[in-house]
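Asker: Fit chain to chain and form the complex, with the hints in mind.
As they're listed, the protein sequences go chains S and G.
If you number the first sequence the way the working numbering does, the last residue is 93 and the count never jumps.
If you number the second sequence the way the working numbering does, the last residue is 417 and the count never jumps.
Just so you know, these hints were derived from the structure itself, not from any lab.
Computed from a predicted model, the values in this text were never measured in an experiment.
Don't take every hint at face value.
[To be verified] Pairs of lysine-lysine residues, derived as DSS-like cross-links and limited to a Cα-Cα distance of at most 25 Å, are as follows:
(1) 5(S) with 258(G)
(2) 31(S) with 326(G)
(3) 14(S) with 251(G)
(4) 258(G) with 224(G)
(5) 56(S) with 31(S)
(6) 3(S) with 193(G)
[Unchecked claim] Footprint (simulated), chain S over chain G, 3 or more residues, beta carbon under 8 Å:
(7) 40-46
(8) 99-106
(9) 126-135
(10) 158-170
(11) 269-275
Ideal Cβ positions, reconstructed from N, Cα and C, are used throughout, including at glycine.
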Amino acid sequence: MKKMKVEERLTLTKFEVYGEPHIILRREKCKGCDFKICISSCPAGLFTLDETGEIKFTYEGCLECGTCRIVCPENAIEWNYPLGGFGVQYMFG
Amino acid sequence: MSERYDVIVVGGGPAGLSTAYFLADHGYNTIVLERGSEPGSKNVFGGRIYTYPLDKYFPDWRKDAPIERWVRREALSILCEDNIVNLEYEIDRKPNGYDSFTAFLSRFLKWLALKVEEKNVVVATNVRVDEILFRDNIAYGVRIGDDKLEAEYIVIAEGANTLLSERHGLRRKISPRDIAVGIKEVIRLGREKINERFCLGDEEGLAQFLIGSRFGGGFIYTMKEYVSIGVIYRPLLNNQIEAKDVIEELKIHPHLSKLLRDGVPVEYSAHIVREAGYSDLMHKPYGRGYIVVGDAAGLILNTGFTVRGVDLAIESGRLAAEAIHKTPPGEEPAVYMKLLREKEIIKTLKKFRKVSKILSNERIYTKYPEYICQILDKIYTVDELPETLNESFKKAVGGKTSIIRLIFELLTMVRSL
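Excised from the complex, chain G in its bound form (with noise of 0.2 Å):
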């Protein structure tokens, strides 16, 4: 690796790859270092990717890319005891008019490394980077082992886990609270099976975010022959249950067993998510040298209904090359902040600035799941003597919360969704 290379991208995940492909439109020798033997074998998602930037800057990306499904079906699912109460959203659009797709992120990663290494950047992988090296405060390479590297910028898309930007003074290690891990399972069940219980066509998909005083909260995202289950487990809320355990957990509930009955587990896979949203996000994801791009900058955001991820990575990534290429040498990249504001990625994880604190609300997992259950329960329940809806609200909440109480923590939720 003697060559002298304009960018080190460090780091083959979604942020990464999209920061070299639109660089490489700017002119710049790009090179990416992947630590995993492959891109996208190390990282981990649930399973959905929204279709927006994709169409904007990747042409004819339907014909090749690693898509599964057509989010046709959203549903937020309340798992009780034994039963489930449902929300479903069902859209019927033309082929192609569908928001999001289901995927697996490692080979969507493969995809993207290819689109990447067709404008000629380098995507080097088995290459872990254990250092970034500052001279008078200004970035100008990397160490591999005892190797260096040298470039004029260096791209910083380490993703969720921000173990170089700690090591270098760029931020803090996360609170615990700020974290949960998902942890998910993939079950091959086949095509047919998947159609017909989940009443999907073929291409159609399933999206489903799940919560259960068992497990917290959790998602189901159905692919062609396989389903993608998931736990977005909070360790100090969570603590009842062990990590280890709640997928296991999920798969027991009566719902999900006769969904997943006959399914073959593939792959056990887990990630740290960032949950803090806004709060997280880098006050200077830059510096003299180099830019912090996708998730290790905080551009995640969780709105408490979906999850968006790989999108803000691919537009960060974009805005970073943009950056990269308005910034006169010697100078600082603080136009990228700029620009993430006027794509209005900052203004929209700033309007879900509350989400995050009602996600680690043990509450919305252990009480409220409860007293909607009891609720529906006792309406759906006929015998001798039936109860109006607001006998069966008192029953199933009394006695365990004040109504104000429960009243004003709702509207908090709501005043924030």
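Just chain S, with the same shape it has in the complex (with noise of 0.2 Å):
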């Protein structure tokens, strides 16, 4: 079978993204965390770095598996489910 990256592997999966982020990322928050496990425990891969060295986060193809917020040792993490009806629409699950 194919590699696929995450990217690509979220295509597969059904998404009705609202137009407001669900989840917001307190940056400041972010600064004096060397951790950083949010990049490598989200599943969809939507925690990254940019150039500068500061934590990305996009929420459009948010699994809703509820990870982030709790790993986060900065409680940077202000998580909501999306506005009912939207988000992530599993159809085998």
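Answerer: Written out as structure tokens, the structure is:
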């Protein structure tokens, strides 16, 4: 089977993207964090480092698994579910 | 939504829908509020459901429930670098005699929602509950955006990610050590290929647990036309591989890539799993006007070999409904805890309380698979200088750990399982 990148794998899953993010990253809290476990533990790979070394986050491919909020040692992630009907739409689950 | 309901159930997963189902039997006017656009559209699990609660409470469920395959083969496999060690148990029973079946949770919940609606329960979708309303520590309703909905009882069935419970101080945020992330891919392979490659009859399924040093724990469940494969990713242990890559890591193993050849991935999903077992169980999963069921209450059991979530959710829903029914107005439904104890749910969780510690021990994913593979490799490699089992063992393990420590660890593990 061909190796698939996560961006490609996410296109398999159906999303109904809402206009505003349901997860807000308080980046000022990330500054003192060396751990940055959000990057390695997000199954959708939505946390990345930008050129300046700051954490970037996009919400559109969020699988709503709940991991980032729990692993963040700085409580920098304000996590809510997307508005009713929006977000990930699992057909199999 | 101006009608007045006796009970509001927050969450249309296995626990919430079951609670509503049993409440209807007691004559309660119930509404289920589900944030997804359909029941099941936000739910993820591995792939197996145990039959006993369905047999007990859902007459004729086998006629129309979305059963994929009956689990006939149970396997526990250690994936080494290129090789695989299998322990298999094949169950030969009469049709209808199997303990569990494979399924897709989203489809199963659509079916369950229909059963609930047949009892005149309203299942409202696209509804996100933002807050549970309390007055003098008594829950009396929920807030949905700018709307309010009131009821005698609020059933909190929000699942493993306990946002609402935490928001209202009913639970603390779980430690990262006590969660795993189930990361799954569903692959379309076709019925014939599945039957052939996994040695299964048309209705027969495989449930396989995987252990491997590269990815940790994992699973395979065969469906009719699809295969679900997944990894139980532990963020604090597995951090040498990023979560987004673990599925590929699993799929490129020679054994799996052979089994899944020509398969077409159709869905990628993930959800946290609460792994702490007994210690994660809420001390008081109820209060005046509310009751907590299923994963949200900590009712999930990982025995090390099997994971039970849906069946415990159904049972807890039944007991929550009974507790609400038995509690006089204005009082706490404390009888819920008594019922959970009587039904041995709590005893079972307690019995397996040490398993979570084992499952979070890095060595069971790294060292042990390596030892076992090396020992077997030495035993079955035939050349001019064959080795005895003892020699193979010493060569595999020696130098890396003391035999005493290894024996001690294994004994501790066996005693807890």
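Asker: Between residue 31(S) and residue 326(G), is the straight-line Cα distance small enough, at 25 Å or below?
Answerer: violated (53 Å)
Asker: Hinted pair, alpha-carbon criterion (25 Å max): residue 5(S), residue 258(G). Please report holds or violated.
Answerer: holds (20 Å)
Asker: Are the Cα positions of residue 14(S) and residue 251(G) separated by 25 Å at most?
Answerer: holds (22 Å)
Asker: Taking beta carbons only, do three or more residues of the stretch 40-46 of chain G come closer than 8 Å to chain S?
Answerer: Holds: 6 residues of the stretch 40-46 of chain G have a Cβ under 8 Å from chain S.
Asker: Please verify the coverage claim for the stretch 269-275 of chain G: does it have three or more residues whose C-beta sits within 8 Å of some C-beta in chain S?
Answerer: n = 4 at 8 Å, threshold three: holds.
Asker: Are the Cα positions of residue 258(G) and residue 224(G) separated by 25 Å at most?
Answerer: Answer holds: residue 258(G) to residue 224(G) is near 19 Å, not above 25 Å.
Asker: Does residue 3(S) pair with residue 193(G) here, judged by a C-alpha cut-off of 25 Å?
Answerer: holds (21 Å)
Asker: For residue 56(S) and residue 31(S), compute the direct alpha-carbon distance and say whether it is at most 25 Å.
Answerer: Holds, at roughly 12 Å.
Asker: Counting residues of the stretch 99-106 of chain G that have a beta-carbon nearer than 8 Å to any beta-carbon of chain S, does the count reach 3?
Answerer: holds (count 3)
Asker: Are three or more residues of the stretch 126-135 of chain G within 8 Å, CB to CB, of chain S?
Answerer: holds (count 3)
Asker: For the stretch 158-170 of chain G, do three or more residues have a beta carbon lying closer than 8 Å to a beta carbon of chain S?
Answerer: holds (count 3)
In this structure, only the earlier hint numbered 2 is contradicted, and the remaining ones agree with it.
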